[in-house]
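If you want the building blocks of each chain, they are given just below.
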Amino acid sequence: MLLGYIFWRLVWSVPFFFAASLIAFALIQAPPGDFVTSFAATLAQSGDVVDEQRLEALRERYGLDRPFLTQYLLWISGVMRGDFGISFEWQQPVSQLIWERMGLSVALALGTLMFTWAVALPLGIYSAVRKYTVSDYVLTTVGFFGLAMPNFLLALVMMYVAVVFFGADVSGLFSEEYQRAPWSWAKFVDLLKHIWLPIAILGLSSTASLMRIMRANLLDELNKPYVTTARAKGVSEFRLLMKYPVRIALNPFVSTIGWAFPQLISGAVITAFVLSLPTAGPLLLQALLSQDMFLAGAFILLLCCLSIIGMLVSDILLAFVDPRIRYR
Amino acid sequence: MRTRYRVSATALAAALCWGGPALASGWAEAPSLAEQVEAGTLPPVAERLPAAPEVVGGPHGVGRYGGDLRFGLRGSSDHNHILRMVSPQGLVRWDPDYTTVIPNLAESFEANEDATVFTFTLREGMRWSDGEPFTADDILFNVNDLLLNEEFAPTPTRYQAEGEPMTVEKIDDLTVRFTFAAPYGDFLAELSSPLGQHPVLYAKHYCMQFHPDHNDDIDQLIAEFGAGDWRNLFQQQCGDIEIPSRWGNPDRPTLDPWVVTEPYTGGATRVVMERNPFFWQVDEEGNQLPYIDRLFAPIAQDVESLILQIIGGRIDYAQRHIDGPANRPVLAQNREEGDYDFFEARAVGGTNMVLNFNLTHKDPEMRALFSERDFRVALSIGMDREEIIETALLGQGEPWQGGPFRDHPNFHERRSTQYLEFDPNEANRLLDELGFERGAEGIRQMENGQPLRFTIDVIPTLYPEHVDILEMASQYWAELGVRADINPMERTFFYERTSNANDHDAAVWVGNAAWVPGEIPQQIVPVHHDSRWGIAWSRWYNTGGAQGEEPPEHVQERMRLYDLAKATVDADQRRAYMHQIADIAADQFEVLGIATAPPRFGIVQNDLRNVPDSKPSSWYYPTPGPTLPQVWWWDR
Numbered sequence: 001m002l003l004g005y006i007f008w009r010l011v012w013s014v015p016f017f018f019a020a021s022l023i024a025f026a027l028i029q030a031p032p033g034d035f036v037t038s039f040a041a042t043l044a045q046s047g048d049v050v051d052e053q054r055l056e057a058l059r060e061r062y063g064l065d066r067p068f069l070t071q072y073l074l075w076i077s078g079v080m081r082g083d084f085g086i087s088f089e090w091q092q093p094v095s096q097l098i099w100e101r102m103g104l105s106v107a108l109a110l111g112t113l114m115f116t117w118a119v120a121l122p123l124g125i126y127s128a129v130r131k132y133t134v135s136d137y138v139l140t141t142v143g144f145f146g147l148a149m150p151n152f153l154l155a156l157v158m159m160y161v162a163v164v165f166f167g168a169d170v171s172g173l174f175s176e177e178y179q180r181a182p183w184s185w186a187k188f189v190d191l192l193k194h195i196w197l198p199i200a201i202l203g204l205s206s207t208a209s210l211m212r213i214m215r216a217n218l219l220d221e222l223n224k225p226y227v228t229t230a231r232a233k234g235v236s237e238f239r240l241l242m243k244y245p246v247r248i249a250l251n252p253f254v255s256t257i258g259w260a261f262p263q264l265i266s267g268a269v270i271t272a273f274v275l276s277l278p279t280a281g282p283l284l285l286q287a288l289l290s291q292d293m294f295l296a297g298a299f300i301l302l303l304c305c306l307s308i309i310g311m312l313v314s315d316i317l318l319a320f321v322d323p324r325i326r327y328r
Numbered sequence: 001m002r003t004r005y006r007v008s009a010t011a012l013a014a015a016l017c018w019g020g021p022a023l024a025s026g027w028a029e030a031p032s033l034a035e036q037v038e039a040g041t042l043p044p045v046a047e048r049l050p051a052a053p054e055v056v057g058g059p060h061g062v063g064r065y066g067g068d069l070r071f072g073l074r075g076s077s078d079h080n081h082i083l084r085m086v087s088p089q090g091l092v093r094w095d096p097d098y099t100t101v102i103p104n105l106a107e108s109f110e111a112n113e114d115a116t117v118f119t120f121t122l123r124e125g126m127r128w129s130d131g132e133p134f135t136a137d138d139i140l141f142n143v144n145d146l147l148l149n150e151e152f153a154p155t156p157t158r159y160q161a162e163g164e165p166m167t168v169e170k171i172d173d174l175t176v177r178f179t180f181a182a183p184y185g186d187f188l189a190e191l192s193s194p195l196g197q198h199p200v201l202y203a204k205h206y207c208m209q210f211h212p213d214h215n216d217d218i219d220q221l222i223a224e225f226g227a228g229d230w231r232n233l234f235q236q237q238c239g240d241i242e243i244p245s246r247w248g249n250p251d252r253p254t255l256d257p258w259v260v261t262e263p264y265t266g267g268a269t270r271v272v273m274e275r276n277p278f279f280w281q282v283d284e285e286g287n288q289l290p291y292i293d294r295l296f297a298p299i300a301q302d303v304e305s306l307i308l309q310i311i312g313g314r315i316d317y318a319q320r321h322i323d324g325p326a327n328r329p330v331l332a333q334n335r336e337e338g339d340y341d342f343f344e345a346r347a348v349g350g351t352n353m354v355l356n357f358n359l360t361h362k363d364p365e366m367r368a369l370f371s372e373r374d375f376r377v378a379l380s381i382g383m384d385r386e387e388i389i390e391t392a393l394l395g396q397g398e399p400w401q402g403g404p405f406r407d408h409p410n411f412h413e414r415r416s417t418q419y420l421e422f423d424p425n426e427a428n429r430l431l432d433e434l435g436f437e438r439g440a441e442g443i444r445q446m447e448n449g450q451p452l453r454f455t456i457d458v459i460p461t462l463y464p465e466h467v468d469i470l471e472m473a474s475q476y477w478a479e480l481g482v483r484a485d486i487n488p489m490e491r492t493f494f495y496e497r498t499s500n501a502n503d504h505d506a507a508v509w510v511g512n513a514a515w516v517p518g519e520i521p522q523q524i525v526p527v528h529h530d531s532r533w534g535i536a537w538s539r540w541y542n543t544g545g546a547q548g549e550e551p552p553e554h555v556q557e558r559m560r561l562y563d564l565a566k567a568t569v570d571a572d573q574r575r576a577y578m579h580q581i582a583d584i585a586a587d588q589f590e591v592l593g594i595a596t597a598p599p600r601f602g603i604v605q606n607d608l609r610n611v612p613d614s615k616p617s618s619w620y621y622p623t624p625g626p627t628l629p630q631v632w633w634w635d636r
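If you're matching them up, the sequences are chains S and Z in order.
For the record, in the first sequence the residue sitting at position 318 is 318 according to our numbering, with numbers rising by one throughout.
For the record, in the second sequence the residue sitting at position 131 is 131 according to our numbering, with numbers rising by one throughout.
Certain hints may be false.
Said to hold, decoys possible - Computed list of lysine to any residue pairs in SDA-like fashion (alpha-carbon distance at most 25 Å, straight line):
1. S:193 with Z:304
2. S:131 with S:240
3. S:193 with Z:75
4. Z:204 with S:61
5. S:193 with Z:70
6. S:243 with S:136
7. S:187 with Z:75
To be verified - To give an idea of the chain S side of the interface with chain Z (calculated C-beta under 7 Å), a few residues:
8. 37
9. 40
10. 41
11. 42
12. 49
13. 97
14. 163
In case anyone wonders, no lab produced these hints; they're calculated from the structure.
Glycine included, every Cβ here is placed at the ideal spot set by N, Cα and C.
For reference, chain Z alone in the conformation it holds in the complex:
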């Protein structure tokens, strides 16, 4: 089976048929850029665009140029907010529905049958934001000099198959070929994630001056910028995925719709980005995108002042930081004055809160307790989820153990819906059968005579409703004679105690999941530090058996299946593997969910067009990036 995509070329042909006058006279551009062309400071638009620019659009059609888009940044570590707004411009991206991977920077791509060789064709005449051409040499620089350069940073597993790093060859200036040692069907989905932009992140002609292989006088630059070593210098000047300095250097060329003019630095009070005159997408009438002139992001130190800014109508688009249910009433109340309305940010699947018992607990007695399947079943049917949903979740959602929603092709009925029925009698019977006799104050006792009692770690600031749910659940469990203490803690401490030290009894986390390529299914197979039910197993998997603890056969089987799922290029085969994993996970019943993840929300100014009323909300589909903010426009 060969997969081939020529999306932009066909779309362009279509545009040529309908387009008429706009295209007949060539491409159109923003008035501010036209002035610069007039003044001779910028080449004409036809020279700035690729020979065949990608044609894109939105639900409200062709727009008008102009205006600012204001969004609110938080004071520190909010660099990914900027990333979501400009979208990670990788070789490929997710389509707006989050179902298919489509070409992005690449004009087309092609995978061989067993998913070991991926060939990307670039757009002829495409340019970086400073006007230099973007070619296969940029990709070779990114991959060979940085990504596979262990001195710079360890090569992410994303670019490896069976422990072997990929190799990249240049076929010609516009064609590159990625080759893996073993099949790797998920590669394209991995490239679509915000973490998969590395092959096209850096402009060779600019960033090579910060690389010791390309600059003999690098020590001078290191001293000049006070960087310490070349790796710091490189990251300081050219940034990297997921660090703030990515938006800290206005001189760094990018392929984004807007480029930084006022950078995101430690002392900044706002970030400003202006249109990239060399951006490579057009609308169906041939107008160069983006429509909006500037992104304007004031930096608020805390979320409360961000909300005040929204109420005051000073923010045009917001979801991040403000999408908790607690903020909804105050935002709804001020809709008129602020001239904004809500949009839906729907969960991709899974549950709003998942409870992880520590099955690799350091204390053998606690481990034995949590490893009893009937104990977990008793706790699951021992709480009234309908009641919890009514009270703690304001009626939103249906009882759910986790996994994709009913309307998703990956839906797995047993994994998602078993043991949801509230049945305290059966729960008591199970606990009796396990031999936990009731002792003083009705609390059951473990075999060693200690009361049956454990703590649940939770970050109250992550999702405040988690604590409410746990309060209710622990009351139900108290009636079963099981004592659960809620242990709220600061987020860094939580990470340290659970993911690093494995010192927790139990912990809760969000369980959004659709089991799609690129997403880590951490609640059905322990392969990530958020798999808090099997941290020692996850460490074993991620270190190739060097650290952690060898998992039991049913876990290892799932790890093997997960590797197979990542390797296959066939979507149906991949789903079959994921369902086999889900079968085992359902048999083992390791983690407990509460309710289907409720949709979150965001706000958008009323006369901003082309913003979808509803969109998936996920990190792997970095909302709102794939809905293409470059086609948003002001109807004023």
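The following block holds chain S by itself, in its conformation from the complex:
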């Protein structure tokens, strides 16, 4: 039953994948101008001047003067062969550029997810059980603050405070001496010393919202008759809480795990930009801004694949957590 379901989901994702790639390619091209115009404009902003003939030559070289469908077909047929093309801006193969940054992106996204859950779930449960007490109010206030504060602003403020009051640089993920060093225990420790701040900044708003969701879900469950029944039968309060209401309240969390997958790339782009993190987000943003077609296109395809996989994983996990859900 389950295997069949997974099989059909995978089959359906193939046409979806192509449709998404076409739309992605069209959307990247939608803004006026092309990579060459954007290249000239960027240089002009810094006071540099480009030769006009040179721009025309670039346009011809990159095939930007060809019709849209021709460009798309050339690109997607390359992708089918595993060739994602080269980045116009960097002259480097796109796959190399993307994989270079994926490792740290995954580390950051997983770290943020774990941080969020580790903080949000216990606090959410606590504030539901201790509803309308002083501690609930405090947590609620902190939660709303976290929700209201944009991540990138918090990042800027933290950087300013760190520089002006502590003389410390909190941008990036490594100290200077470890940036290009091969992986070692010392480099890992150095990473841990830096990564906590972006994790805390990125995690704050999602922690706040998860906490509120957990509290609300649990409050719905706590007054249900089965809780009263269990309590009447003498189940200990902690075991009762964990075994039944919390398990049901977790449902929305599990169904949103799928959303976390594309976050590996596109999560908190602006914050990563501000903090100069060597993750995939800023590279994606730059590629979109400069209309670096193949690089941006490859990113969007990857996002699309991760979404498909993520939703599938979510659905399967949901079946395990909530026995009421069955596949038909």
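Chain S is fixed; fit chain Z onto it per the hints.
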């Protein structure tokens, strides 16, 4: 008239006279290189330097070796920042004052009387950064196999005269001769621009492996590097002018003071360059340059974090990206903590903002409106520039229509200072005379009964003060009964809409200009895509009449004069041509300026020596390159 330069040889002779002990024992080198020589991994300094290295210096004299120079790169398309720091090492360069072209890689150069033949003599014993000799063969490879090779890229007009590409011959290993079909006096200035480095950009012995004429197995390399074709492969591995991959390959030999060790690639978080052990300049005591060991450039994704780094004292030198007036207060406030101070980056001339009405507008009625000279005059005298300068420019500058400053030899009084006086009565009279009657809400009407209204395109992120100036100007014009809508837009869209599509009514741009050789005088003659007052004419000029629109006689006359100015080798004659162009431009009064371009600024750490307190700021004089960062040193 023959021009001849033997700068380095005479300077060296002078150095020999004063030098004494340092030179008597030969050349000196950085301690780190001396260690390598000791260990036998590097030849001695005398073998690494040319027989007669160029002798250079700075305002604070002979320095000491050592230290890093930290400057901040932005995340993408900031390759020219690196270029400005190492300076485009071409055959010739601008002197520090931006007035004369002097020899650089070439030991000397010579032009014939009618500027058709240019002969360059190279330095004997000069070497690429990997120790291979730099000879005339490198120049032939660059010119014949790449520059004139249409399969690689179209030949830039810089290397053509009257549509004919130049030819290059090797006289001997150290002498090359460039020949043009027609006189080309601006050639040396063009070679001094950052865009003129092509004849010496690539080391033949290394880059020939990426060229199909020199490597039969090129397909294997193309596949290995995932490049698609040989042109991409070549540019990926050996770079090109104005693309990031120029700084992406640590193996590529150069003639720069520092060479890349940690490249500028898509995934990079910093760029590091280390001293070139074969660099070909020395100070007056015979110490091989550069003084500073490493250039160290952390990559910040946005400008705000760059400014934070400066405040935190983590940047030693900065001008690019941070030189806007808005950043000045916060940088000034933190001078003490950051241990830095300001230097002046003075404008070479011109105006901070120039307003271009679209004289080749696609809509005939709008075109007719903008083509009325009196309409443009009315708008010019209809705004109070003194007031705009006080309010939007914090009092910096004097009213100015554009063109070189008063103290510049190219200064042209009428072009720069006509119609600056605020005179709303006269402006109203002119508009009345043109027959634009006032209609509803006091807005004047065009002949077809439509309100007199147009939009001005502007990039707010380029120079934020442009929007402030336009806000004020449009208020003055509203009182004249003319409605101007300010249309801020994203920079790519701006380029697409104005320079490519010619869809704009009017647009603003920076109007820095000194009308010197090598610079494009785009506000007095429409020959560039930044000439937004005559895009169709500029296209006609640049395509040899194939596209665009044939310009009226007074524009064609200026185009002819511009070609003559580029051809002449005589500086006075060239100025006379530029002034004839300026005469016509003043008669026509096509573009409006506001105020003299204010000096920008940069910051430099307090104990960094030999950095001039004031220097020209321009792309054609790629600041700070011609001030020679290789002579900067740390007084610590």
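Legend entry - Given hint residue 61 (chain S) paired with residue 204 (chain Z) - CA-CA distance at most 25 Å: holds, 24 Å
Inset, instruction - Let me know if the C-beta of residue 163 (chain S) comes in closer than 7 Å to any C-beta of chain Z, holds or violated. - result: This hint holds: residue 163 (chain S) lies near chain Z, its Cβ roughly 4 Å from the closest one there, short of 7 Å.
Legend entry - Interface hint status, residue 40 (chain S) versus chain Z (Cβ within 7 Å): Residue 40 (chain S) check passes; min Cβ-Cβ to chain Z is 6 Å, inside 7 Å.
Inset, instruction - Verify the proposed pairing of residue 193 (chain S) with residue 70 (chain Z), using a straight-line Cα cut of 25 Å. - result: Cα-Cα ~24 Å, so holds.
Inset, instruction - Report holds or violated for the interface hint on residue 41 (chain S), using the least CB-CB distance to chain Z and a cut-off of 7 Å. - result: holds, 4 Å
Legend entry - Restraint outcome when residue 42 (chain S) is required to lie within 7 Å of chain Z by C-beta distance: holds, 4 Å
Inset, instruction - Take the C-alpha atoms of residue 187 (chain S) and residue 75 (chain Z), compute the straight-line distance between them, and say whether it is at most 25 Å. - result: holds, 24 Å
Legend entry - Restraint status (C-alpha distance of residue 131 (chain S) to residue 240 (chain S) at most 25 Å): Cα-Cα ~18 Å, so holds.
Inset, instruction - Using Cβ atoms only, decide whether residue 37 (chain S) comes closer than 7 Å to chain Z, and label the hint accordingly. - result: holds, 5 Å
Legend entry - Hint status (Cβ of residue 97 (chain S) to nearest Cβ of chain Z, threshold 7 Å): It holds, given that the least Cβ distance between residue 97 (chain S) and chain Z is near 4 Å, below 7 Å.
Legend entry - Proposed proximity, residue 304 (chain Z) with residue 193 (chain S) (alpha carbon, max 25 Å): holds, 23 Å
Legend entry - Proposed proximity, residue 136 (chain S) with residue 243 (chain S) (alpha carbon, max 25 Å): This hinted pair holds, its Cα atoms lying about 23 Å apart.
In this structure, every one of the numbered hints holds.
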